[in-house]
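Novice: Here are the chains, one letter per residue:
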Amino acid sequence: MAQRRELVKGNAGSLLLCLIEQQPMYGYRIIKELEGRSQGYFKFKEGTLYPALHRLEKAGLIVGKWQTLPSGRPRRYYYITGKGHRLLVVKRSQWQDFLTAMNLIIQPASA
Amino acid sequence: MTTALSHYLNIVRDNLRLDPLSETAVINELETHIEDELQELKEAGLSEEEAANTCVRLLGSAKLVARQIYEAHSQGTWRQALLASMPHLLFGLTFALNWWRGISWLLVMLVLILSTVVYGWWRGKPTWLFPWLGYSLLPVVVAGLLLLYLPRGWSWLAILLYIPLALWLLYSIAVQAIKRDWLYGSLMLFPVPIIIGWFIAVRLEGKFPGFSIERLHDFTLWIGLSFLVLAVAVAAFIRLRKRQLRVAILIISGLLTLTLVAGYAWSQLGLLTFLVLILLMLSIFLIPALLEPKIRHSGQHS
Chain A
1 MAQRRELVKG NAGSLLLCLI EQQPMYGYRI IKELEGRSQG YFKFKEGTLY
51 PALHRLEKAG LIVGKWQTLP SGRPRRYYYI TGKGHRLLVV KRSQWQDFLT
101 AMNLIIQPAS A
Chain B
1001 MTTALSHYLN IVRDNLRLDP LSETAVINEL ETHIEDELQE LKEAGLSEEE
1051 AANTCVRLLG SAKLVARQIY EAHSQGTWRQ ALLASMPHLL FGLTFALNWW
1101 RGISWLLVML VLILSTVVYG WWRGKPTWLF PWLGYSLLPV VVAGLLLLYL
1151 PRGWSWLAIL LYIPLALWLL YSIAVQAIKR DWLYGSLMLF PVPIIIGWFI
1201 AVRLEGKFPG FSIERLHDFT LWIGLSFLVL AVAVAAFIRL RKRQLRVAIL
1251 IISGLLTLTL VAGYAWSQLG LLTFLVLILL MLSIFLIPAL LEPKIRHSGQ
1301 HS
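Those sequence lines, one after another, are chains A and B.
Reminder that position 5 of the first sequence reads as 5 in our numbering, one-by-one numbering, no gaps.
All you need for our numbering is the position in the second sequence, starting with 1, plus 1000.
Everything labelled a hint here was simulated from the structure, so no lab data went into it.
Where hints are given, some of them may not hold.
To be verified - Once the Cα atoms are required to be at most 25 angstroms apart in a straight line, the calculated DSS-like pairs of lysine-lysine come out as:
hint, chain 1, residue 1, chain 2, residue 2
1, A, K43, B, K1042
2, A, K32, B, K1042
3, B, K1042, B, K1125
4, B, K1042, A, K58
5, A, K58, B, K1294
What the hints assert, rightly or not - Not close to chain B: a few residues of chain A, all C-beta gaps over 12 angstroms, as computed:
hint, residue
6, L19
7, K83
8, S93
These numbers come from a predicted model, not from an experiment.
Here a beta-carbon is modelled for each residue, glycine too, at the ideal position from N, C-alpha and C.
Between the sequences and the hints, there should be enough to build the whole structure, so can you do that?
Specialist: Right, here's the structure in full:
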């Protein structure tokens, strides 16, 4: 469990960028999406989501905008920026290389 | 909202130490999160109180959340770092390059300091403002010294009026800084022991403003160097994210600079004065830290 938490912590930025790239979202939705899509594997300590979002925003990778839901309630939606898109392309490529290398080593050798 | 959740948000607010606009935005965002969470938990069958307690547990430590959000916002740009260190640099250069002898340069400095302070105050008191704010009090000190040269009777009357007014001004400015973050109060006041140290070390002969300036020549380079150390420390302060590191850089550089003053002018200062200056430096960090909760809470009640 602790190992998984460390993995999430180390890759929180990339995970959030991926989700926000697919669709602008607000904090609570992000947590639910992350949990749902990873079938419960990725669980954020909810309070720590906001510092992560604010770090990305301060770095210019995402931008937050207040919008009103159809119910009339305001929510802060996050949008990916051009800089965020460019970083995500690099991160995806790094992940692909890493996964390929890991698979080459971790999979049992075929006879 | 239940008491537990209001209490949670109050702890976050007390520990955020951001500018009022950012602080409100963060609290509003957390409130919307809590609203969604509560609704979902209540729909799942939990009572109001159970839902609130679960929500607090899921959010995690309020202090940790506040600290992490502070760290996300705290780092200033290199431009802000330069702007914040500028008054120390200018003050250092004024002595190192002997510009202090020209009244026109001193007037330029005064106008620059006061206009920068007004601009920064108008822009919502960003972090770079606080070192300038400290130097903006120098004209108040000089005005007090000049009062000594009024005719005898007038001098006492003026001083009796001046002291409460000067103290009120210092208190009001310090309270404004501390209300935002006690560390900004310290950032504003931390050159004070260095200035007092050099003032004692130089031991100007005669009475202000006609004292002999010859002795000052022996110290100008070292005075310049000491303010350069402060400028570097302030630039590092602006660039650092972590609060503990920010406190450490100010205390270490303050003590280092006082040691530099004492090292060069030990015969003029002596051990007792050096120790008093160190105590003054430490109290510049301790007193604002102790006052902050009281000032903040009195501000919330009024």
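Novice: Report holds if the minimum CB distance from L19(A) to chain B is greater than 12 angstroms, and violated otherwise.
Specialist: L19(A) clear of chain B: closest Cβ-Cβ about 16 angstroms, beyond 12 angstroms.
Novice: Quick check for students: does the CB of K83(A) sit more than 12 angstroms from each CB in chain B?
Specialist: Answer for K83(A): holds, closest chain B Cβ roughly 15 angstroms.
Novice: Would you mind confirming whether the straight-line C-alpha gap from K32(A) to K1042(B) stays at or under 25 angstroms?
Specialist: The hint holds at about 16 angstroms.
Novice: K1042(B) and K1125(B): Cα distance at most 25 angstroms?
Specialist: 42 angstroms, violated
Novice: Take the C-alpha atoms of K58(A) and K1294(B), compute the straight-line distance between them, and say whether it is at most 25 angstroms.
Specialist: Since the Cα atoms of K58(A) and K1294(B) sit roughly 31 angstroms apart, the hinted pair is violated (cutoff 25 angstroms).
Novice: May I ask you to check that S93(A) keeps its beta-carbon over 12 angstroms from the closest beta-carbon of chain B?
Specialist: Check passes; 26 angstroms lies beyond 12 angstroms.
Novice: Does K43(A) pair with K1042(B) here, judged by a C-alpha cut-off of 25 angstroms?
Specialist: Given pair K43(A), K1042(B) holds - Cα atoms ~21 angstroms apart, limit 25 angstroms.
Novice: CA of K1042(B) to CA of K58(A), is that 25 angstroms or under?
Specialist: 34 angstroms, violated
Hint compliance for this structure: hints 3, 4, 5 are broken, all remaining hints hold.
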